[in-house]
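Visitor: Chain A is already provided as a structure; the job is to place chain B on it using the hints.
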Amino acid sequence: MRRAVLSVVMGVVLLAAIIGVRRATPGVDERYAPIAVSGALGEQVDTAAFQLRVDRLELGGAVRITDDYGLTGEPKSTAGIWVVVWATVAAASTSLQVQGARLRTADGSEYLASSTIGTLDKTDLSPGIPAYGPILFEIPPDRLTGAVLSVTTHSVKGLDLLGPAADVDLGLTASYATGLLQRMPPTVTVGPVRNL
Amino acid sequence: MGPWAVVTGVAFVVATVLALAWPAGGLKEAAAEIPHRRLGETTTGHRLAIAPYRVTYATKDPAPVFGDAKAGRFLAVELEVRNVSDQTAKVGDLAFRLYLTVSPGGSTIDRIRDKTAGFVIRDGRYDRDQIQPGLSERVMIVYTVPAPLPDPTDLTVTFRDDQYVAGFSSELSEWYEGPDLAIYDLKVDR
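As you go down the protein sequences, you meet chains A and B in turn.
Numbering-wise (the working numbering), the first sequence opens with residue 1 and increments by one.
Numbering-wise (the working numbering), the second sequence opens with residue 197 and increments by one.
The shape of chain A in the complex, shown without the other chains:
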């Protein structure tokens, strides 16, 4: 009888161990996630495929985009706020775009950059030629605090498996975010992307 009880206890312990190991094992999404290099506002982040530096950010209730010919388009409104991230990017060795620009908010949501054309994430980047310009995001204003910029080379996640990525802390503390929101202009005009 004692031996049988011992066997049952051992079985339960082994079952619990199996469940524990399964739960602790990273899922396929985590195992194949892009390999991110972290940085902060103003710092250069070097990945295997590109270098990125976030220079500044601003907010707006609407954006107007100035094209390469100096013509400024009509205001584009939003249901939330526009977050304009000004950054400098250079491709390392092959031409690419940084289409996978996302704003990851504190609640875990990921905001893919606006599909609006003429922004830095839609620009062809040649190796060794840095480009400076805006990346546009639309988010609800209450999700600004703690937002982090995540940049990869593709907008489709399945194409970035174990690929290069840059995660940039934008320094959006609660007080800083509140200040930005209080000073937010109704419209912000963003210039074209420039090669440096």
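Just so you know, the hints here were simulated from the structure itself, not pulled from any lab data.
The structure displayed is predicted, hence computed values, not measured ones.
Where a beta carbon is used, it is the ideal one built from N, C-alpha and C, also for glycine.
There's no promise every hint is true.
Covered stretches of chain A, as calculated for chain B (at least 3 residues, CB under 8 Å) [claimed, not checked]: (1) 26 to 33; (2) 71 to 84; (3) 139 to 147.
Mimicking SDA-like on lysine to any residue, the simulated pairs with C-alpha atoms at most 20 Å apart in a straight line are [unchecked claim]: (4) B:286 x A:80; (5) B:286 x A:79; (6) B:286 x A:154; (7) B:286 x A:140.
So the derived label-pair ranges between C-beta atoms look like this [what the hints assert, rightly or not]: (8) A:11 x B:249: 53 to 61 Å; (9) B:208 x A:22: 18 to 26 Å; (10) A:12 x B:216: 16 to 24 Å; (11) B:354 x A:9: 49 to 57 Å.
Guide: Relative to the frame of chain A, chain B by itself:
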């Protein structure tokens, strides 16, 4: 055969049934009947919440890309859409989950082949298609009415859910088709 062999056998059978049933969705009760809804009523899925607010039939393209609107037979469905997920969605993602049947005749509008446009209505323009998490947008999806069908007076739209799960074509999590959430019975305006 001792009593422990019987206990072991029963435990094995129970464990095997659970091990097979769990990944297949567990021992859930049968799905409830799909509710019928009207204009303006909201249905919330795992990715999007929708509330259709207008359906119109037109003989000119309501959303021409360039130049004058071309003549034809168009059905425009306008909806209030909120992204309730944690990832950016597009109007095309919604259009892929709407199954349309027009009356009279009860014929199907092909949600892929017959769709001519899908966009966010903002600032009087049709140049945007993203719906960001936590934000609501007014959306229009335009379809052509196939030639043999009579002019539609009623539209039935079945809204199917999305589920973000690891799939079959890829091991990575993606948005896959879920169960039907609601059937909208809508009048077509002119």
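Visitor: Work down the list of hints and note, for each, if the structure agrees.
Guide: Structure-based check of all given hints:
no.: 1; hint: 26 to 33; verdict: holds (count 4)
no.: 2; hint: 71 to 84; verdict: holds (count 7)
no.: 3; hint: 139 to 147; verdict: holds (count 3)
no.: 4; hint: B:286 x A:80; verdict: 17 Å, holds
no.: 5; hint: B:286 x A:79; verdict: 15 Å, holds
no.: 6; hint: B:286 x A:154; verdict: 16 Å, holds
no.: 7; hint: B:286 x A:140; verdict: 17 Å, holds
no.: 8; hint: A:11 x B:249: 53 to 61 Å; verdict: 59 Å, holds
no.: 9; hint: B:208 x A:22: 18 to 26 Å; verdict: 20 Å, holds
no.: 10; hint: A:12 x B:216: 16 to 24 Å; verdict: 21 Å, holds
no.: 11; hint: B:354 x A:9: 49 to 57 Å; verdict: 53 Å, holds
Checked against the numbered hints given earlier, this structure breaks none of them.
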